[in-house]
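One line per chain: the protein sequences are A and B, in this order. Those letters in the first sequence? Residues 139 to 575, by the working numbering. Those letters in the second sequence? Residues 139 to 575, by the working numbering.
If you're looking for bench data, these hints aren't it; they were derived computationally from the structure. Among the hints, erroneous ones may be present.
The list makes no distinction among identical chains, and a pair is therefore deemed to hold if it is satisfied within one copy or across any two copies.
Cut-off 16 Å, straight-line C-alpha distance, at most; resulting in silico cross-link-like pairs (EDC-like, lysine to aspartate or glutamate) [said to hold, decoys possible]:
hint, residue 1, residue 2
1, K357, E318
2, K535, D213
3, K535, D514
4, K261, D362
5, K551, D514
6, K321, E257
7, K162, D429
8, K482, D396
9, K565, E317
10, K475, E167
11, K482, D559
12, K261, E310
13, K262, E235
Number of protein chains: 2
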Amino acid sequence: MAEALRVGIAGLGTVGASVARVLKSKSEELTRQCGREIVITAVSARDRSRDRGVDVSGVEWFDDPVALAQNADIDIFVELIGGDEGAARACVRAALEAGRHVVTANKALLAKHGLALAEIAEKKGVLLNYEAAVAGGIPVIKTLRESLAGNTVTRVFGILNGTCNYILTRMEAEGISFEECLKDAQRLGYAEADPTFDIEGHDTAHKLAILTSLAFGTKIAAGDIYMEGISNISQADIRAAEELGYRIKLLGVAQRTDSGIEQRVHPTMVPTASVIAQVHGVTNAVAIETDILGELLLSGPGAGGNATASAVVGDIADIAKSRPGFQHGPVFGRPAKELRPYKKAQIRSHAGGYFIRLTVHDRIGAFAAIARRMADNDISLESIVQRADASNDASQKTVILVTHETTESAVRKAVDGVTKDGHLVDKPQVIRIERAE
Amino acid sequence: MAEALRVGIAGLGTVGASVARVLKSKSEELTRQCGREIVITAVSARDRSRDRGVDVSGVEWFDDPVALAQNADIDIFVELIGGDEGAARACVRAALEAGRHVVTANKALLAKHGLALAEIAEKKGVLLNYEAAVAGGIPVIKTLRESLAGNTVTRVFGILNGTCNYILTRMEAEGISFEECLKDAQRLGYAEADPTFDIEGHDTAHKLAILTSLAFGTKIAAGDIYMEGISNISQADIRAAEELGYRIKLLGVAQRTDSGIEQRVHPTMVPTASVIAQVHGVTNAVAIETDILGELLLSGPGAGGNATASAVVGDIADIAKSRPGFQHGPVFGRPAKELRPYKKAQIRSHAGGYFIRLTVHDRIGAFAAIARRMADNDISLESIVQRADASNDASQKTVILVTHETTESAVRKAVDGVTKDGHLVDKPQVIRIERAE
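Next comes chain A alone, as it looks inside the complex (with noise of 0.2 Å):
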């Protein structure tokens, strides 16, 4: 049998931990799969004492990681640490340019810096694997570097982060306001004191830039990103959109359109019959469209220690099966040299369907008004219904619209000429409509 394959972790938090216990409580069948046993040789963590429910005692321990990444005896160094600057960049940086085989769990770093690392990588022959770094345990980051080989993609789109999908499916399934459930997810520990990063749409836009990158072989572009949250969805937006046959998600999309590449994040209504609809709580799901194979779609745990240590160890596990000698792929599907720069595309060129939700004064001509502005920007309606609005309030109604395909440009418009034309009581709503199968 092939010698033993030494890890470093840096980084024994949940993640890092539950790593460390997997890779000793299933040491047997991971030799048998990889013809060689995996052996954690060094860790790095900021508390030697801490107990983590597994025995880190005889592995050399180091305070710095950069040191860990330098100095141990391994083959590859798992950054289990986070950030995407300091000491996370600083390791993965250290350890790939030490000739190590690096696998991260790290989204924000990719994001920003994976351009980087994967030319250093590349340069080095080594792999910086990642499948963790995207909805946790779902094997997304595999399938479109290695399976969708010969794959076109022109679509890619998901529901990436696990905190906004809890909050839309209690809103949808109690009735309660998006502040209430947001309170219980912190509560419950599904969302953090500072919600921000993933109830507006950071979280779901550092994923959405790794796979853009991987699907559509261009370098990694996170600012490019258009992004709304999800903090002023109500109720009236769910019943609507439940009434109307659709769900609202919180998607990341990133499609190849004629006026270039479109990535975003937004709510977005998908069909209710639609298998991405079903996706319910904390779970992650990605679907990738391609021209030859069709969609696929892939949906399981987006986030924990376990789902993410389980992405974490099928890496090494990739690593060990792997000899010296074998040129590995590389490591966003193309060399990093050769991803393209590409033509962003505009949200306002965006097309696809919309339900506008507008809540205005009851007069006469307020509804011809409404008609008036999307007939004068060229926008086909689907539907459209009028009816007393949900405040119980006499003196204002409710009008929902669905266009047919439209751009966002022609919508926004017509919205702004809606609002001009004064016959608003609140905001406009817009949300954009997805297709899904």
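Using the hints, position chain B against chain A.
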């Protein structure tokens, strides 16, 4: 750049022609991904003159696929002939013996001879890749073989036959009979002239046998699989399922239980709100449950030239990325010699919920007798519905029972008892209920 990878394709039917087209049309992109060119250098097919929409005029032709496997100047042998014996078996064997990597889409061959072929591949140090053999373009083999390293699978189940799912979907959507749906499926090319292989579950069983081996590290044993087809599913079952919050799907299920490994193919009720219940038409889906990750679901096109070609090309690309010196992972996840025989769980020991639909003579005491038989066999009932029979025959009633978890053995005894009591007008219908998220 490394030398080009030379591919020989045996079989240029729908899938073979599609593979050839993809390799040619995506040549540049594949080269970028794999770091070397992939070139078709030899083919074998019955008819040299047929137009397959791809130019194979420059490559070497072999009338005999075994000669291609043995003599052609190739690195990879792609078997797309089909069938579990004859030419397919002979040429795959010959290619492996000659030290060529093999890619195949042949589920029947693997279900029957996979173990013997894996032993040759592992002895020769070459790869035997077969992503296309199960669930077409869905990367379930790669997921089980690579991504889930370290996970212990507890259950794997799925919709593995597009023909059956197409028929069940249309029966539900249009209220038409099994026979009518089957005729339509045959007319549209979704079902064979002799549909037995699909509708009686044989095709699903072949695929399940491969998944079981990968999931549990056991020897392939297609003959052990309990099998029931969909031909006796009626509108009455579909409607009753709908009312109870279920949908009927033909599932292949392999599960680790206290009494051994269960492998079964049968019509199954899954909760309407589960993700797998939304998998419609010819689409396939596979759910994998493990101790670490939890539940993963993959869905997508399970058949057709392009979906199958996508998986075959992915397998070829994986080999193209490897280099001499690379120690390939074992064919079924563990070395073929270490795949374990296993204790087969008998279907009578299956534990789960059951749907039981009885058509009874409308007379005093019938219902009481049924309830008594259930109680005598310790079957606790979740719901009981008695109502007028759909036949509008006032002399008979329909009784629908949904049980809490019980055993197959108890249900069979109870139903036999009811039959003996003489209250039944018709054969009882029993459908297993499967947990699904």
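Have a look at K535 and D213 and pick one of within, between, both or neither, based on CA distance no larger than 16 Å.
Neither way: K535 and D213 sit 66 Å apart in one copy and 71 Å across, limit 16 Å.
Is the C-alpha distance from K475 to E167 at most 16 Å within one copy, between copies, in both cases, or in neither?
between (38 Å within a copy, 14 Å between copies)
Can you tell me if K321 and E257 fall within 16 Å by alpha carbon in one copy, between copies, both or neither?
neither (43 Å within a copy, 57 Å between copies)
Check K482 against D559 for me: Cα-Cα at most 16 Å, and say if that holds within a copy, between copies, both or neither.
neither (33 Å within a copy, 73 Å between copies)
Given identical chains, is K261 near E310, meaning Cα to Cα at most 16 Å, within a copy, between copies, both, or neither?
neither (50 Å within a copy, 56 Å between copies)
Is it within, between, both, or neither for K482 and D396, if the alpha carbons may be no more than 16 Å apart?
So K482 and D396 pass the 16 Å test inside one copy only (11 Å; across, 56 Å).
Identical-chain pair category, K551 with D514, by Cα at 16 Å:
Within one copy only: 9 Å inside a chain, 71 Å across chains, cut-off 16 Å.
I want to check one pair: K162 and D429. Are their C-alpha atoms no more than 16 Å apart within a copy, between two copies, both, or neither?
between (42 Å within a copy, 15 Å between copies)
Within, between, both or neither: K535, D514 at alpha-carbon 16 Å:
neither (23 Å within a copy, 61 Å between copies)
Regarding K357 and E318, is the shortest C-alpha distance of 16 Å or less found within a copy, between copies, in both, or in neither?
neither (39 Å within a copy, 52 Å between copies)
Checking an output row: K261 and D362, CA cutoff 16 Å. Within, between, both or neither?
neither (27 Å within a copy, 51 Å between copies)
If the cutoff is 16 Å on CA atoms, where do K262 and E235 land: within, between, both or neither? Let me know, please.
So K262 and E235 pass the 16 Å test inside one copy only (7 Å; across, 35 Å).
The earlier numbered hints that this structure contradicts are 1, 2, 3, 4, 6, 9, 11, 12.
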